[in-house]
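Make a model of the complete structure from these sequences and hints.
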Amino acid sequence: MIYLVHFHPESNVRTPQTVHVLPGTRLTVAAAEAGFLLRTDCGGAGTCGKCKLRVNGNEQLACQITVENHLDVTIPETALRHNEKTVVVQTESFLDNEQHEIIKRVGHRFGVAVDIGTTTLAAELHDFSNPNTVWAVFRANPQRNYGDDVITRIQKVIEEPAFLATLQGLIVDAVNGMLAELVEKAGIAVTDISLVSVAGNTVMEHLFLGIDPSPLGFAPFIAPISEFPVCSGHDIGLNIAPNGIVETFPIFGGFVGGDIVAGVLATAIHKKSREQLEENPKKSEKNQEPSEKKRNDSPPKEPRSFFLIDIGTNGELVLCYNGEIDTAATAAGPAFEGGRIEYGMLAVPGAIDRVKLQIKEPNGTGVPTAPTGELIVSTIGNQPPKGLCGSGLIDAVSELLRHGLIKPNGQFHVKADSPFLQYWRITGDKPSFVLASDEVSGLGEAILLTQRDIRQLQLATGAIRAGIQLLLRQHGLQPSHIETFYVGGGFGSFIRPEAAQRIGLLPSEVPLEWIRFCGNTSLAGARLSLLDSRYRDESLRLSQHARHIELASLPDFANVYADAMLFEKAQTPE
97 MIYLVHFHPE
107 SNVRTPQTVH
117 VLPGTRLTVA
127 AAEAGFLLRT
137 DCGGAGTCGK
147 CKLRVNGNEQ
157 LACQITVENH
167 LDVTIPETAL
177 RHNEKTVVVQ
187 TESFLDNEQH
197 EIIKRVGHRF
207 GVAVDIGTTT
217 LAAELHDFSN
227 PNTVWAVFRA
237 NPQRNYGDDV
247 ITRIQKVIEE
257 PAFLATLQGL
267 IVDAVNGMLA
277 ELVEKAGIAV
287 TDISLVSVAG
297 NTVMEHLFLG
307 IDPSPLGFAP
317 FIAPISEFPV
327 CSGHDIGLNI
337 APNGIVETFP
347 IFGGFVGGDI
357 VAGVLATAIH
367 KKSREQLEEN
377 PKKSEKNQEP
387 SEKKRNDSPP
397 KEPRSFFLID
407 IGTNGELVLC
417 YNGEIDTAAT
427 AAGPAFEGGR
437 IEYGMLAVPG
447 AIDRVKLQIK
457 EPNGTGVPTA
467 PTGELIVSTI
477 GNQPPKGLCG
487 SGLIDAVSEL
497 LRHGLIKPNG
507 QFHVKADSPF
517 LQYWRITGDK
527 PSFVLASDEV
537 SGLGEAILLT
547 QRDIRQLQLA
557 TGAIRAGIQL
567 LLRQHGLQPS
577 HIETFYVGGG
587 FGSFIRPEAA
597 QRIGLLPSEV
607 PLEWIRFCGN
617 TSLAGARLSL
627 LDSRYRDESL
637 RLSQHARHIE
647 LASLPDFANV
657 YADAMLFEKA
667 QTPE
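Count along the sequence shown from 1, add 96, and you get the number used in this note's numbering.
One or more hints might be untrue.
Just the calculated beta-carbon pair ranges, DEER-fashion [unchecked claim]:
1) 111 <-> 331: 36 to 46 Å
2) 467 <-> 114: 48 to 58 Å
3) 452 <-> 197: 35 to 45 Å
Since the hints were made in silico from the structure, they are not lab data.
These numbers come from a predicted model, not from an experiment.
Cβ coordinates follow ideal geometry from the N, Cα and C atoms, glycine included.
Below you can see the structure in the form of structure tokens.
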């Protein structure tokens with residue numbers, strides 16, 4: 097028996113499609129066959145609610161339906177992935193003044209640096225004979241159809257071991273697609289590529305190489321492999337030269353992966369820490385003889401540390417202090433990339449990326465009038481708003497905090513005399529804040545910021561903030577001791593530092609001029625390793641030297657995390 101499934105998109109831009117499927121076919125699969133990629137941020141667990149459709153007139157979740165008869169399906173815009181090939185990804189890094197010395201590799205003409213992220217992928221093609229010639233491409237990670245976080249993907253493999261091959265195939269096919277785009281831009285053949293340098297988080301590197309990541313799904317979260325041997329590109333399915341090789345970055349430990357090792361290379365914070373140690377011998381007294389301590393009577397410098405954070409689904413942290421390297425990972429979740437947010441989406445055209453609230457004072461006509469509030473939003477590509485990406489979420493919550501519209505505990509604070517009263521919408525007893533009205537929204541319905549969205553952001557920021565505090569505590573340090581705070585990852589380049597500090601994502605004790613947004617440090621590190629084999633060797637030494645700390649095993653983790661979820665810089669409501 098074959099069933100017909102008729103798909104009718106609400107948008108006039110897309111045309112209706114009909115597919116023939118076998119009984120038992122998941123409706124999300126049938127939609128994909130018809131050319132409609134649905135949002136399944138929860139990996140099909142039925143918890144995110146993003147794939148909600150009208151099936152034969154009834155609202156249902158596509159991921160929970162199998163086709164058992166003929167169906168007539170209406171697809172709202174909110175259920176679709178919006179052209180994620182145009183997702184805004186920061187492929188550049190802003191570390192040129194680090195002045196890394198490059199001794200060009202020999203034996204290769206063209207090579208590719210690849211950053212494999214949970215949500216997005218980026219790649220650069222380099223011509224070794226002309227270091228100034230670079231081509232770049234990026235795209236969404238196709239594994240997102242099976243979950244917007246790595247834990248969900250690990251669970252899929254645990255439940256169905258054969259699914260590992262599916263996940264590997266998806267990522268390898270995506271990389272091959274990027275390679276094809278790159279060589280077309282450069283006017284060469286894929287067989288001209290003889291070297292690929294890959295950096296990614298722990299789980300993505302394992303999946304890319306076809307290695308079972310299941311041990312990371314159970315405490316104590318130990319990765320099966322921490323140093324990946326050089327392998328043949330053809331062995332894993334890459335379309336490169338027959339003798340082409342793939343070098344994958346080692347990991348620090350647990351969920352702190354090769355992308356963070358690459359980030360340390362790119363920022364050189366380990367070198368800065370060692371240089372400062374040499375400048376301040378007082379710090380290393382425990383390694384000195386008593387006579388040497390006496391001779392060192394110059395006043396010690398204020399102790400400083402260097403911090404690197406990669407803000408994303410997994411918040412990875414690195415602290416370099418006193419010549420030591422400490423690393424940790426936090427389960428930030430997908431909120432920063434639009435996941436589990438009611439109207440959340442990736443940073444694609446139409447996503448709200450900036451939010452500003454301002455009060456317009458009375459016009460001075462002599463007639464007593466109350467001040468009125470004004471909401472200003474901008475979207476990527478200046479298109480009608482279709483949702484809220486991570487930077488827009490941070491901006492929105494920061495602005496609500498600034499005007500006392502959110503309490504320190506995260507609850508909305510609706511006041512009858514608020515100048516922003518017109519932007520509140522109350523459904524039952526649940527308030528939400530209107531970021532785009534029905535009239536201006538690109539969805540045909542209002543885009544709202546909900547109380548649940550605030551909670552998701554609190555969980556994400558609290559995890560990262562707690563991680564920063566706990567790492568510093570290992571050395572008796574405070575945030576004010578941080579010499580330079582590096583923010584890596586493509587997402588970090590799009591957030592306003594003052595907004596990030598107001599919500600507690602970045603320490604407010606660190607002056608803004610000490611915070612450096614570095615762009616895609618993972619790709620920058622992969623580039624260094626691609627161009628100069630010494631950086632490949634250095635990455636191996638870094639991974640062996642670092643100490644990985646499981647934050648959840650620390651006795652004060654729960655209390656620190658609970659406190660970190662509060663918005664300390666909220667304006668106290670009257």
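Consistency of the hints with the structure:
| no. | hint | result |
| --- | --- | --- |
| 1 | 111 <-> 331: 36 to 46 Å | holds, 42 Å |
| 2 | 467 <-> 114: 48 to 58 Å | holds, 55 Å |
| 3 | 452 <-> 197: 35 to 45 Å | holds, 43 Å |
Of the numbered hints stated above, none is contradicted by the structure.
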